[in-house]
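Visitor: Each chain, written out:
Number of protein chains: 6
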Amino acid sequence: MARPDGRRPDQLRPVTLTRRWSIHPEGSVLIEFGDTRVLCTASVTEGVPRWRKGSGLGWVTAEYSMLPRSTTTRSDRESVRGKVGGRTHEISRLIGRSLRACIDLKALGENSIVLDCDVLQADGGTRTAAITGAYVALHDAVNWLADRKSLVGKPAAVMHRSVAAISVGIVEGEPRLDLNYVEDVAAEVDMNVVCTGAGDFVEVQGTGEAGVFARDQLDALLDLGVLGCAELADAQRKALAE
Amino acid sequence: MARPDGRRPDQLRPVTLTRRWSIHPEGSVLIEFGDTRVLCTASVTEGVPRWRKGSGLGWVTAEYSMLPRSTTTRSDRESVRGKVGGRTHEISRLIGRSLRACIDLKALGENSIVLDCDVLQADGGTRTAAITGAYVALHDAVNWLADRKSLVGKPAAVMHRSVAAISVGIVEGEPRLDLNYVEDVAAEVDMNVVCTGAGDFVEVQGTGEAGVFARDQLDALLDLGVLGCAELADAQRKALAE
Amino acid sequence: MARPDGRRPDQLRPVTLTRRWSIHPEGSVLIEFGDTRVLCTASVTEGVPRWRKGSGLGWVTAEYSMLPRSTTTRSDRESVRGKVGGRTHEISRLIGRSLRACIDLKALGENSIVLDCDVLQADGGTRTAAITGAYVALHDAVNWLADRKSLVGKPAAVMHRSVAAISVGIVEGEPRLDLNYVEDVAAEVDMNVVCTGAGDFVEVQGTGEAGVFARDQLDALLDLGVLGCAELADAQRKALAE
Amino acid sequence: MARPDGRRPDQLRPVTLTRRWSIHPEGSVLIEFGDTRVLCTASVTEGVPRWRKGSGLGWVTAEYSMLPRSTTTRSDRESVRGKVGGRTHEISRLIGRSLRACIDLKALGENSIVLDCDVLQADGGTRTAAITGAYVALHDAVNWLADRKSLVGKPAAVMHRSVAAISVGIVEGEPRLDLNYVEDVAAEVDMNVVCTGAGDFVEVQGTGEAGVFARDQLDALLDLGVLGCAELADAQRKALAE
Amino acid sequence: MARPDGRRPDQLRPVTLTRRWSIHPEGSVLIEFGDTRVLCTASVTEGVPRWRKGSGLGWVTAEYSMLPRSTTTRSDRESVRGKVGGRTHEISRLIGRSLRACIDLKALGENSIVLDCDVLQADGGTRTAAITGAYVALHDAVNWLADRKSLVGKPAAVMHRSVAAISVGIVEGEPRLDLNYVEDVAAEVDMNVVCTGAGDFVEVQGTGEAGVFARDQLDALLDLGVLGCAELADAQRKALAE
Amino acid sequence: MARPDGRRPDQLRPVTLTRRWSIHPEGSVLIEFGDTRVLCTASVTEGVPRWRKGSGLGWVTAEYSMLPRSTTTRSDRESVRGKVGGRTHEISRLIGRSLRACIDLKALGENSIVLDCDVLQADGGTRTAAITGAYVALHDAVNWLADRKSLVGKPAAVMHRSVAAISVGIVEGEPRLDLNYVEDVAAEVDMNVVCTGAGDFVEVQGTGEAGVFARDQLDALLDLGVLGCAELADAQRKALAE
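Residue numbers (the working numbering), protein chains in the order written: chain A, 6 to 247; chain B, 6 to 247; chain C, 6 to 247; chain D, 6 to 247; chain E, 6 to 247; chain F, 6 to 247.
Check the hints yourself; a few may be wrong.
You can't tell identical chains apart in this list, so a pair holds if it fits in one copy or across any two.
Derived pair list, reagent style DMTMM-like, types lysine to aspartate or glutamate, alpha-carbon separation capped at 25 Å [unchecked claim]: (1) 243 with 189; (2) 111 with 189; (3) 243 with 37; (4) 111 with 177.
Think of the hints as simulated: they come from the structure by calculation, not from any bench.
Work the whole structure out from these sequences, hints included.
Guide: This is the structure we're talking about:
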């Protein structure tokens, strides 16, 4: 009943956030949840797409992708197949929604930020690592705009909340925090929890992968998710303080 | 604070399930949640895709789509744009997962069933109507296979659970069941709940569309969702008894 | 030598035209030719595409599509295959040309109307049902524009002709009107005739599916087609009078 | 009222058929109708596509395309746009149907022939030139198969009819044969007639481009079309006799 | 050790340049290197793409394509496959770069020229024939612009260099000029050399198809390439003098 | 006239090769040429594509891609645009050809290796870094196959040569080795040289980006390229010795 890497059920893998991993983007973070490694970059364009001009509102979107051999066996590139797959679309949309929850688009002003989350190595939890890392990259990009006097509001008003995400699941009947790939495959229930730094929910997605789940199981998973997000919020604060 | 159509917060819109709406499919249901109208068909192919041959397991997938003018303003066709959009992908995947939760693929044997859920008219809740209707169409398709002696298990073993889904949300601070389009647009929190006939969860997806939500709000929404799914399970049972 | 459904060679299947089948479009008609069932909607946009601006002319186009299980066996969705097939293109173009023959684009003014013809159930003659139904939906959309004082001409000047279409063919050597699917498959010659309410031709397309045809056969088919279109023009008039 | 190039209303433009224009294909013809110039090649593959194996039947298809600057102004390449347009699809399908009308697929045996019709220069009537030229290329390809003893039937049984096509139309109220581009643009009615060498119809497609047409006009156009196809059948016979 | 067609190692195949092969384009050349036959057309648009407006600079691009049966066996059309292949892209880019090396975009003024190089028949060296022919077509198009007083500079200033290209390779250990298809397939080293009329290099691309090559081999190939390009420059001058 | 980073004209940027950067692939190398950073992975599949089965030969291909924000400004993803661009195609093909030059496909036996070269950060020379790094990743993958006794020949027979690549160019009239992005943009001539460890050429591609080049300039660039490749071959040997 022990976890494959000996962790307690409510224990995260080691989390590292490396800011300024790349020289070009306005914000860039390499985030690691154990062996999961996601490069999150924030690219700023002053101005917004044509259909949004004059609205006074900014625009934040996200794109998620996996390198073809970030996984145990190689996947075909979506560029070669000529289309973005359903899973990729779904995760990109989740990341975008989550990050828009922590930013005030009016205070951002008519600026656009694209968050690219590229999985360099996958070992479970890539979408939650992406959200957690993208928050820090977005924070840096907002500060970059502040330095150029391009924001309408103050940075703290633009980024009025922090956001982090973690996966939880039931494996061999036990609720566990931050599943790695082996656990993810074996999970009976799988849930992603996105929380603010204040402990509120931004998004909750739970799926009975191999079966169904009862209300008390759902409650236990939510408890674990809130706990994990709180620890990640701490890690984000520390990274941004450096 | 009254709902636009005068319903109580915990009240469904009128639900109708019309079986055998089409003459060709092995199962077909026109489901209506108020003005939302989805045609769900189940198409059987004896045999499974090549990569699954010899596994002894069947295969169930779903495809969701909206007619271009099912909505208040016309949307371009995805066939004309040349690709399936992110939202469509996401909903098709949700429907497929939900229906696979109620079917035993081993008892189904090496047969394939495609569930097509085409929205003829949209007024909120199209994905949950699709799941609820597709369950009945799938049930009929499984019986069609039983009549041809093509199942490995008995129909009741193949369809070992029922599944239904409903949307819930917080509008003007009030938790409400089965949002119509006007409410959906105004919702602060939006959640889709997929339950079995026994009241267990198959899938839970909650999003803070315009903000975040606290644990007690989440609990209230889950309560409403379970309630709504139980009523829909009744409606499914009645439709199948006809 | 009897027809599969016992009709006389020059007899149409029962035709029904249900106006306002959908709540959202400016014009919507569910048309049935026996078991063939096509939903025709007319969607109005005030204004025209950029390349036509300032011309004083309106714009009318059509898109035809079949639901994947409108047919006896399921077809893949064109959105999933990533492209519109040749047959679909061809029929969409035919519907568009036919409807533009009955409308005065100058009197329409700079307004755009898209006619969506979605086959919900197919049993032969879907393209001719689509043209016949789309005419009525277009008529309603033009009246909708008239109500909003958005037309340049009067409605009667805009819709200066009516248009209807029917399939004819030679089956077992016999010229027949309005082939159903079984007859269509067996036809030696297959022809679609599009006529105005005054009995003139808008479009004639005849194909020797399994062989060739002589001038007298062609003449017999044209006679039948003109007859069928006249009956459909009556049905359109009645529907519009309701 | 004179035609732009001084022809009589019932006069074809000069027609030339150059066999073996290319060294690689099993059949190749450069056909010219005045300034219209189409390269028709027939490519043989012994064997048929997988889904047709064991049927004993051969397979003939056609693909039509225009070089980007075959026209007065340049069109984008369909390969660059990433999809085949509606008009191209429609014409490819017409050519394929027309050629299949003159070949006995059983006598052809399990061989596949692709007819590529590439418009090198366009001046009206490209689709009818393509059909007329492709017939000769197909004839040569069938003889090539005969030389290799790969046919089931004799060449004359395989090619049991000849097929040719011509455009006719009503310009300034006058029915005319073989419209060039200037006439085609000005035509009130436009019709393509595909006939066998025996004078039977294979396909008839008439469109009221700018208006509608009466039965006597249709009859006059059919007369002209039959006349033109008879002359083309002569030209084909002469070319094949060389 | 003799070449398949009896040429000396440093001998070109017969080269013909037929100007004005097509009636529509502003420049058009059918170029033949032995059995290789490429139609090169230059299409002029007055004005430049939006992103280049106001720059005072013109724009020249090229597109290369092969007819499906220009080769010994038929290839699928890129339009049907829905995308342009890697080889086609690479050659189109090479042609474009080569032609831009001989034109002064400032003297051209804000005009756009597209060079379409369509291979009608392939027997090795199609890309070098395309560059050599496109130069002459471009020259004619520039003169067409001069006739309309649409150039900023004089034609001689616009076309300040000539450009031609030839393939060279090592076959059976022997450096050879202008490989035909049989030699190309057998070549150990394959190189394309693009030179100006003054003998300078515009582009050099050498590949060890079946092995590697030493500096002295590279030198011998460059010598041959320069020689061949000089002869082609003569042929271009003669063609333009007609 | 000094280089932007103070290097001598014949000096490489610091080169680092980090083997086993990723845990999943059979070979993986992070290669850095100064700020250029490319992740090269080699993915092994036992067996070859269907069309190559029974040939006794292995198969090696390469795919190159840039992360959207590896560059100074963000580029759209090719997966989102729905097609692979011309430059990407061209570089992928170059990498594949270069690596196939150093491997004996017969000695490899019927195994397939895909080399993925993903640019994490770009500062000039990404394609040459990719080739240089991919060689080391390929070497590791071949050893992985050797450990599993899946090779036909010995590893040294499979990898019978080493291969490395470097860019050279003429900037401000001066031939320089290993251009960074700033120099690349300013270069009059740009050349990529691919050499074996023995100093032979595998591929040479030179382009006069802004002008043309004379034979002596070409010679100077080739000398520099050979020099740079020799240094890289040393670095590869050292990395493989660790």
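Visitor: Within, between, both or neither: how does the pair residue 111, residue 177 come out at a Cα-Cα threshold of 25 Å?
Guide: between (47 Å within a copy, 22 Å between copies)
Visitor: Treating 25 Å as the Cα threshold, decide for residue 111 and residue 189: within, between, both or neither.
Guide: Classified as between; 23 Å across copies, 39 Å inside a copy.
Visitor: At most 25 Å between C-alpha atoms: does residue 243 with residue 37 qualify within a copy, between copies, both, or neither?
Guide: within (15 Å within a copy, 29 Å between copies)
Visitor: Taking 25 Å as the upper bound on the Cα-Cα distance, should residue 243 and residue 189 be classified as within, between, both, or neither?
Guide: Result: close neither inside a copy nor across copies, 28 Å intra and 38 Å inter.
The structure fails hint 1 only (numbered hints given earlier).
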